[in-house]
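Enquirer: In case you want the letters, here they are:
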Amino acid sequence: MATDKYYVPESSPWPLAASVGLFMTAFGGAHFIQQSTDPDKFQGSWGMPLFFIGLATLLFIIAIWWRDTIKESVGGLHSKQLGISYRQGMLWFIFSEVMFFGAFFGALFYTRWLIVPWLGGAGNNAMTHELLWPNFQAMWPLIQTPDGTTTQAMGAWGLPAINTAILLTSSITLTIAHHALLEGKRGKLIGFQAVTVLLGMIFLSLQVEEYIHAYTEMGLTLHAGIYGSLFFLLTGFHGAHVTIGTIFLFVTLMRVIKGHFDAENNFAWEAGAWYWHFVDVVWLFLFVVVYWL
Amino acid sequence: MSTAATAHDDHHHHAPTGLKRWLFSTNHKDIGTLYLWFSFAMFMLGGLLAMVIRTELLEPGMQFVDPEFFNQLTTVHGLAMVFGAVMPGFVGLANWMIPLMIGAPDMALPRMNNWSFWILPFAFLILMSSMFMSAFGAGHPSAPNFGWTFYAPLSTEYGPASTDLFILSVHMMGISSIMGAINVIVTVFNLRAPGMTLMKMPLFVWTWLITAFLLIAVMPVLAGAVTMMLTDRHFGTSFFSAAGGGDPVLFQHVFWFFGHPEVYIMILPAFGIVSAIIPTFARKQLFGYASMVYATASIALLSFVVWAHHMFTVGMPLAGTLFFMYMTMLISVPTGVKVFNWVATMWRGSLTFELPMKWAIAFVILFTCGGLSGLMLAITPVDFQYHDTYFVVAHFHYVLVSGAVFTMFAAAYYWLPKWSGVMPNKLLGELHFWSSLISVNLLFFPMHFVGLAGMPRRYADYALQFADYNFWISIGGFWFGLSQLLFLAVCVLCALKKGEKAPAKPWEGAEGLEWEVPSPAPFHTFETPPVVK
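Protein chains in written order, with my numbering: chain A, 38 to 330; chain B, 17 to 549.
If we strip away everything but chain B, and leave its shape as in the complex, we get (with noise of 0.2 Å):
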């Protein structure tokens, strides 16, 4: 995306070039797409890790690996999508549209803003060093192994030795995600342009804002986690260690307190997206704007009372337990607001479906299963039954894949045309998305009826009459997981500028000053803020 970007600059400083213009950059285009492609290179990373595990489980008993290097698998393939491709992902959007959506020149702080970005590939090297260590090198020294979660005591007594690597790049992805979360925030509070009040700001920047919020208030809350697990393991500390005086459930609680608010920032930003492109290709206002912006603020406080939901069966005091229970079926009222206002967007609007509608129409519907599904999990006395099974791996694919990666999917196909000039390429878009949509449900929906009939999650093997279902999930995973090769090809095509050139404004009724830019956006764009009426 560099030569027609850099025809535009004409201003006080011109754009690098080559290398430089990348390693060095404080340009929040720019940022946004490095944001952007780490992003989808850990999201095929974490897609091959999953194939993997999907290829053990293409039949029952042990065909490809064993259960060790399973564990790692699952583990290392959740910490790449939740630390890097989800979360990235959406920063990669937040630089790119919120200057471009609230008439800034810039991210309020540039050169931390780089920074944020290039810890994170340090971060993932460090990671993603003891996965190839464990798959090619010598001796197989162990990756994580103890889930995404990583549970004391199975990550500190029982911790392979790249627990300590593992820890350090979480502190790595924590300082870089409360830098950027820092300057989203003061981006939006210090740099809206003159007329550009709060409630007049894309719902997109509004549930990043929140977004931002969670970030800085939960990050830290990881980071003494871990910190707490490394000084158990090295330092004598018996935080989680019951002899000691501590609990294993402990370190359950501090990491769920973190944790669930991680869940809303992996979808909140998610909800802004489609908040975008609803309206547009309904060609109507956003059904209920402020009630979304109260929905989106009431999720984010909830998701602070809500974390115990994940360990119903660690044996919580009944009250606790009852309290979680309720607060949890509780999201459901602000979620739903969500959902109602997304459908009453549409009702009697002039519908058309391109590309970005039809992701964003998935969205609505495959994320209310997911949500179904979580108010199903919310009940206590039903969790005892579910927790720790395939329904719970259903559950929450249905909110990340089929949830937030759809919108991403969405925002890209929606935003491509600002961001590269040329339209994405319309047939390899189609096959994309009718691919991806029928083998994610394939791949995930019938883990729902596994889980309920109570295959556990985690394991390299499972009981035989399972194995009619997991033949088809497989299936549905490669399936889905070689769809991606498409939206590979059509990123790759729009940066190399081929196809359909695009207007400023490629969608008729898109709103909002984003639109009102060149495409490509040129280098720099409202150096002197526009007036927004």
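In isolation and in its complexed conformation, chain A is listed as follows (with noise of 0.2 Å):
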């Protein structure tokens, strides 16, 4: 049921709210990042309790916020013009996440053809290696850095290449079930989203697996120079944003047991469907440009 004119919301507390959450998140985030990893120059705790106040201040605000908008959106308020404004809002979201991780993409192009060959001496660079660290080694992955910190390389056709297959599959289910979704299928589509989620955890698992093995037996660690730094950092991301995705699709799968969706009113399931997606093709240019070449 929709309405004709374009739904404009009645005054609403939670945004101020979400500031003050968001506020107390990064106020204290600061602190308590501080004083925990240097204790000594950072006296205090009170970061952290304060990090963790905000935090689930934010999440419980933004959660009212978005019951708020179910309440609305099953209440038939929401118009088709609407729909269309949330489905570009989200798609512009994802492009402004795909700039993300474009910057950690972009520093891994430039330490891997740049940075490292200019510091082995490459281009003009000859003294610049001759005085600095002559007996570095220009390499990638660079598992010696010019200060003498040595790790291991991640192979891919470990863990990373079942995680790429799991990832992979996991888009064919989430598939399958938006297809039974515009078809009104409920069962099927309430299983095949089951089964995505649970792939989604597999990951997860699967990538924490990844990280122990790397920390403890292959001193792949976030101190192991540019080589673990760009590690950590691009698979962190993604590994947050699956975990992201992952809650969202358990979200929209309560909302399909309890009927909120049929084939025309299904935003906030699509929306979970494109993130998903986007997050499966993060992890693939990751597979080939950090694992595998």
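Hints in this document: simulated from the structure, not taken from any laboratory. Among the hints, a few may not be true.
[Unchecked claim] Here chain B is said to cover these stretches of chain A; the calculated rule only asks that three of the stretch's residues, wherever they fall, bring their Cβ under 8 Å from a Cβ of chain B: (1) 56 to 69; (2) 73 to 86; (3) 137 to 146; (4) 180 to 193; (5) 249 to 262.
[Said to hold, decoys possible] Capping the alpha-carbon separation at 20 Å, the derived lysine to any residue pairs in SDA-like fashion look like this: (6) A:Lys78 x B:Tyr174; (7) B:Lys514 x B:Glu446; (8) A:Lys117 x A:Asn302; (9) A:Lys295 x A:Ile107; (10) B:Lys513 x B:Phe56; (11) B:Lys521 x B:Ala511; (12) B:Lys514 x B:Thr49; (13) B:Lys36 x A:Ser49; (14) A:Lys42 x B:Pro538; (15) A:Lys78 x B:Pro176; (16) A:Lys42 x B:Pro546; (17) B:Lys36 x A:Ile98; (18) B:Lys36 x A:Pro46; (19) B:Lys300 x B:Val380; (20) A:Lys225 x A:Ser208; (21) B:Lys442 x B:Lys514; (22) A:Lys78 x B:Met149; (23) A:Lys222 x A:Glu301; (24) A:Lys42 x B:Thr544; (25) A:Lys78 x B:Gly252; (26) B:Lys36 x B:Trp53; (27) A:Lys225 x A:Asn302; (28) A:Lys117 x B:Leu334; (29) B:Lys513 x B:Pro534; (30) A:Lys42 x B:Ala209; (31) B:Lys442 x B:Glu516; (32) A:Lys117 x B:Asn206; (33) B:Lys36 x A:Trp102; (34) A:Lys117 x B:Pro169; (35) A:Lys78 x B:Asn206; (36) A:Lys78 x B:Pro546.
[Stated by the list, open to error] Far from chain B, some chain A residues (derived; all Cβ distances over 10 Å): (37) Val45; (38) Phe89; (39) Ala100; (40) Lys108.
Given the structure is predicted, the values throughout are model-derived calculations rather than measurements. Ideal Cβ positions, reconstructed from N, Cα and C, are used throughout, including at glycine.
Two chains, each in its own frame: build the complex with the hints.
Expert: Next comes the structure, spelled out in structure tokens:
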């Protein structure tokens, strides 16, 4: 049921409240990081509680904010035009996420193709090499840094390959669920979406497994020079996005069970699906340029 | 701007009153007003910091602040002006004007709109708290002191403790900007009145659409840059440390990949404003509307491939340097198209010189001046001489102050009748204009000379031969700063409804949907979309 007019909501306290939550998260977070990573220089321990109180506030406010939105949607206040606004908004949000990953991919390419060769004396940098670290050998993955830290490189064909298969499979199961949603086949939809969520959780646990292996057995850590830095920030932010995507799909699964979606009215469901496919595509790039090549 | 607005409101829900109206708003006009006041407050605060800088530089030698605090002043001045004054100022104008110009009932996502705004004061609370602590707190812990460009390793290895607060506040500003930009794009694509085709949109809407695209594209890259800073500072990563296989120059690449489009984020909406005002007071159609749209899009696309012209002196390979030099010079083509079109619009027009027009013409001349010095800076071998001198400071203040900020004044004088329902005070407005025009040139023009003569930027002291110019630069600075109090008075009078009552269309030659609603614009407009022929 759609209305003629564009839906402009009544005034709402949630944006301001969410800003307060975000403020506490950021202000507390900065101190939490300082106090936990450098306790000699930064005394005190109030950063951590403030950070978690802020984060809880933020998540709680967003939850009730979106609960209001869901009520409006189920109550038929949303016009078709508003649905288009939501969809376009989600696509632009995903574009911003692409650019966020772009910063780290850009850093990876710049490091690999320019910094490391230059440190090894390529181009007109013979004297840089000679004067700074004459024993440094340019290579990729960079398993020995100029200052001598060593690590092992993460291969592509163990867990990462399995994880690639898992994410690709999850995209297929999600697409089957999508078709089931559009055809109104509820059982099939719930089944395949549940499998997708499960695959997301398996991916994440394997990723944790891989990190433990890297830290305890390979010497591949955040401290292991630029290779470790890029490896963990790229895969780490991807993992964070898989976590968000899994929660997103779990929430829309619950809403499917409550009967919120049909072939016409399904913005949140499709937004979750787009997000999942985006995360999947990022992984494919990661697999090729971080693990494989 | 409350009472008159509520009188008009007989629609489906009534305008809220009191504090709740502002805190919980979902109304694009109220949120626009909040943005504009916030922007003006940050402009005054950033200006205050600049005046402390100019006080120290009034005479050679060390007088009032120590060099360490001077670094904090330049840093926070830049951050406050870029992220606090200019960007939110244009977002405020977008909020107010875009729905009115395209016949939309509001912004597409009104609650998110309010969230975009309310994140900002908190972000600046975090950033500014370190400045206040530095000035007044026990032990004077340093505020960010590495310049607004926060180059590594100044901001990583050598950054003060407040750097982490700075990083988190930049994250918040980024979230705010991205949500604001998504809102603008969705509003423009999805909420235009029937008949308002893309190529009929006012140029302000077009320039903001393209600006919003730039924001969504580059704010996440800035987030990436500060995230790498944070992990380098606290989690042992080596992005910007050559010993670990990284490179401090990598920071500059990531930063300027954000930073150069950012420069256009701060000027494209200004182009849109001038393109609205000049036709009004020339009583002619804008010359070359379509070419304006294409020129804006070209500038935006080129902005992604010119970033390293900020880094000519870091030692890039020659091929890279040449590429960025030529790409940068190419930008002068679409920009030249724009300046030509503004002048051609005025050619044989029935010109009158009301306040908005005065500011707009001043913009065209002074912005062109800043553009030409930019062209000089684009030439690599010449830039080796100019880099990090006051010539650069003169260049970007010409395009940002007498460029972007002047158009915001133009916009305010042009649309204040629509916002407040009263005409801005003419006498104060004239004083504000002439006083600002003369002082801004006294302030920034001599910087070209001292820069060419070799005076470096970001120092608390200078060699004796620069003393005379610097004295007059400082006088210009205080004069320009104080002149803005006149603008404050104009705005306060309008907000209090003191002044001549404004008709729906106070400017004879004005065109556009915003002039078809009463002044002040009622709380809700275009609840059923108008039809555009």
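Enquirer: Checking against the hints above, which ones are violated?
Expert: Violated hints (numbers, rising): 28, 34, 35, 36 and 37; every other hint is consistent with the structure.
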